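Trainee: Let chain A serve as the given structure and place chain B on it in line with the hints.
As given, the protein sequences belong to chains A and B, one line each in that order.
Residue numbers for the first sequence follow UniProt numbering, so the first one is 1 and each next one is one higher.
Residue numbers for the second sequence follow UniProt numbering, so the first one is 1 and each next one is one higher.
Since the hints were made in silico from the structure, they are not lab data.
It should be emphasised that the depicted structure is a prediction, and the values quoted were computed from it without experimental measurement.
Identical chains blur together in the list; that is why a pair holds if it fits in one copy or across any two.
Restricting the straight-line Cα-Cα distance to at most 27 angstroms, the calculated cross-link-like pairs of lysine-lysine (BS3-like) are: (1) Lys91 - Lys589; (2) Lys278 - Lys368; (3) Lys589 - Lys93; (4) Lys91 - Lys436; (5) Lys589 - Lys136; (6) Lys576 - Lys589.
One-letter residues, chain by chain:
Number of protein chains: 2
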Amino acid sequence: MGGSFFNRILVPSSSADPCSRACRVALLICCCLSVLVESSLGSKTRHFKWEVEYMYWSPDCVEGVVLGINGQFPGPTIRARAGDIVNVELKNKLTTEGVVIHWHGIRQQGTPWADGTASISQCVINPGETFVYRFKVERAGTYFYHGHYGMQRSAGLYGSLIVDVAKGEKEPFHYDGEFDILLSDWWHESVHEQELGLSSKPFRWIGEPQTLLMNGRGQYNCSLAAHYSNSSSSQCMFRGNEQCAPQILRVIPNKIYRLRVTSSTSLASLNLQISNHKMVLVEADGNYLQPFAVDDMDIYSGESYSVLFTTDQNPSNNYWVSVSVRGRKPNTTQALTMLNYHNTTSASKPPPSPPPVAPLWNNYTHSKLFTKKVLALMGNPNPPPTTHHRRIILLNTQNYIDGYTKWAINNISLVLPATPYLGSIKYNLNNAFDHKTPPANFPSNYDVMKQAQNPNSTYGSGVYMLSFNTTVDIILQNANALAVNTSEIHPWHLHGHDFWVLGYGEGKFSNENDEKSFNLKNPPYRNTAVVFPFGWTALRFVANNPGVWAFHCHIEPHLHMGMGVVFAEGVRRLGKIPNEVLTCGLTGKMFLNNKND
Amino acid sequence: MGGSFFNRILVPSSSADPCSRACRVALLICCCLSVLVESSLGSKTRHFKWEVEYMYWSPDCVEGVVLGINGQFPGPTIRARAGDIVNVELKNKLTTEGVVIHWHGIRQQGTPWADGTASISQCVINPGETFVYRFKVERAGTYFYHGHYGMQRSAGLYGSLIVDVAKGEKEPFHYDGEFDILLSDWWHESVHEQELGLSSKPFRWIGEPQTLLMNGRGQYNCSLAAHYSNSSSSQCMFRGNEQCAPQILRVIPNKIYRLRVTSSTSLASLNLQISNHKMVLVEADGNYLQPFAVDDMDIYSGESYSVLFTTDQNPSNNYWVSVSVRGRKPNTTQALTMLNYHNTTSASKPPPSPPPVAPLWNNYTHSKLFTKKVLALMGNPNPPPTTHHRRIILLNTQNYIDGYTKWAINNISLVLPATPYLGSIKYNLNNAFDHKTPPANFPSNYDVMKQAQNPNSTYGSGVYMLSFNTTVDIILQNANALAVNTSEIHPWHLHGHDFWVLGYGEGKFSNENDEKSFNLKNPPYRNTAVVFPFGWTALRFVANNPGVWAFHCHIEPHLHMGMGVVFAEGVRRLGKIPNEVLTCGLTGKMFLNNKND
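Here chain A stands alone, though its shape is the one from the complex:
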């Protein structure tokens, strides 16, 4: 090869002492941003000082605008140990937009106001203002953080959050090195225009992403594998310092590596492969899995996994790491980078064969097979064996409301109020949101296989009030969308809890029959679960975390179009909610009127 075509190296961290190594790297990068304060108990407070602003950036070799943190895209990685306190002082440097950050997968026990959900857990941070997120990371695992206001996540406001096991603790598996890959999708149209199109009549869909990104890097107008294809795309040539140059995974032979994979995609469901290398899944959303090996793995928006792979292949070759779209007719080229046995092979040598071909986008059998292999490792907390205390069935439909295209749950399309629920529920502000409880089921004669006909769909801001400490079963029921023979993938994410995924099924959920199939032995425990087209997914969780929690489709445009619900539990048990999270809307007015405090 003339010039090297990818030579940006991602250096693994060693697992022998995962934190000391990883944290040293993290500290080198953001030396003056992260300060460690060790407590007498061994847990630390990790201080970060962040500024959010728009920046010109070329995530896919085409210049656009991203929402960055401290001049970085994606934002800086947070690395901590289980039991640590994370303290992020977040300054909004945007000119006219508010901002919040959600810590995806962190349960915020005792700190529901730090969940970073606009209109739910806090008022947004206004331009020029600073807010301190302070919360405990109680459990080791692979997490991420992202904007949760408007579609700011789609604009690039995200980053990794990795929690290592507490000092003296061990993971239930061995590995020699680690890579973190945060996956996302990228559009050339600005997020402001995307939001407008989705809210317009006639509706304008955002379309498929222009590019898939790995750690914020992708290639739109060139390909790393152009020499193999008969396409017109040209071969990418990188010096290595380009914002879109791929990060190469640099390994040495006969070692075990842990790959932490997280998906912050706005829309795309993804499939990941490393050519010639088996992957063994060991963690999902911060919970250990019964290890299982695959050639390719699916990952939906909001999910995270740890996979182990062994560098047992011919070390004089390089190997493709490839990410492709699933569940939507792909219009986006696969994302590529390379596994490089760096002491034997040059990083500029292209792999000997073309990138792996992904499973067919609509091969749902393949996807379901994978998803059903995801099971908890023995010893994980088990679901309460008793009968559930409450069952809520949530029908997911696409709807027209006044001619606007929306998503609705049991015929209600979520519109978030100006006052955060956490405050309006705590202080009994009756006008802050719809006080009628949203329906917990849908008409029994609804045909989930036929085109949506929901003339009575409405907007709503109601809340499912959950009795504290009860067990709640959720059935997510998919259905045909507005177009004929169409039903989409929806990965649902629950804030403030993990849930057990009791099962997946086809067609309409049946109380009598389907409940029998629930896996109560080793269901995966996680915060995000996919609902397959025309199918249902059954979840169980314990409402034991005082606060108000979003539960929503993690596809950003779907949430923007109303695809979510809100749960509240034990809000009265909360001590004082920090006033500064409630300075807006009716709670703000309440403070002004001095009726409380």
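Mentor: Chain B only, in chain A's frame:
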């Protein structure tokens, strides 16, 4: 002609009973939005209910995104009588951006919190929230309103505000009909990107506007006069219902019409002509002028004028109404519409000759000649004849600060704080802004004719504290910008007051000599005054309006780059400031901490 090429008609309102006619029309348009409540004194409260949101729109026949009000662009016209109360209930329907509206030219005596300036008079209205602007329009005149947060004015957030004389009062001139024309300029790049470019290193200038708009209508990819030019632009063909179809001024012969012209441009200084028709200027910024006749008139951003013209030309022809760029090398086609003698000539007949040619863009002699003709009508309030009580000299320079391109006043580039000054001054919040008084002069050896060399420029948020009821003289001193032999036009606008324009001069202002040339007899009384390249402009006003008031260059990117100062006077005299304008920043925190109220 085949199809009619412009047939959208602007119907004049009659002056015989200007309000009854005009208001009936206004009411017809926004019937359910505007409600009149008559008081026992004859003055009325005029109620408006507005929602601000982004909309797809084609202001210049190219689709883009505008900030609209109630689905209209420009926003609805407010029409009231002197002495009325205007009550606008403004709902922010944006997803992530705050919003405010400034009522340009309305002095807000007794209601400084209704001035609609983010960070100065109020906290922004957050998404989903509603704020009520309520203020008195004490004086007849031609005004407008616009966004005053980030660059939301450039995004299209503006509209007309016309105040007729009180019942029983008469204007000092006669007219038979009226047209209102709000001028603006339009870019195809989104305002979010414009803001980012201006704040980036390296600096990215917004460039010249793609199109000039009259009442929000212009033509980018076609011309109304293509058949006269040898350009490649095609002839515009309109059905008439296009968003970019020009509004034709429909007149009948031998009448006098009042044309109210307002400029809300982001950047462009403009020149307006009506071919073959003399224009007589009679009002500027709500104050009557000594009438004078011109063939063409200049108008700078932030200014408004009323001109009279008589329909005394051949009624079997149509005539061009034309608007062109001044003071910057024009890269933007002139805006065109037509004067149509409608009972004798078809509106689709093109004028017999090409559109008028504007004065050369850099013919400043022509501009100064026009500007110096603008003098107050006898009987207008005169400036206090005594010596000024305080003189503040404001040097306008272009600067680099940490490599960022900025504008600065006496070496300080304005950065607005998160807490509105109105609250932080009233409640003595010392950390809310810079408490050092900004300089009232610049070094005497500064050479205004040479390239700016200001290595010590800084950001600042200081305030000029004015003693209540004192007379203040302001000298706006222009200078060479960063490029050699370059000095730009800056139209400065003062909130909360009108000022007398005492004079204009060349080069550096000299206390000894130039003061003698001040016009104390009939200086124009207005709220916006231009500073010519390499020149100075002298203003006088009385600091008799308790509040905090912006004084800034009305060129939107210049203000965004720091070209403004802040005055405060008599804040302690204010009674209670409505709490809801102070719910953000340190005043918000103060309310939370319950130390006041």
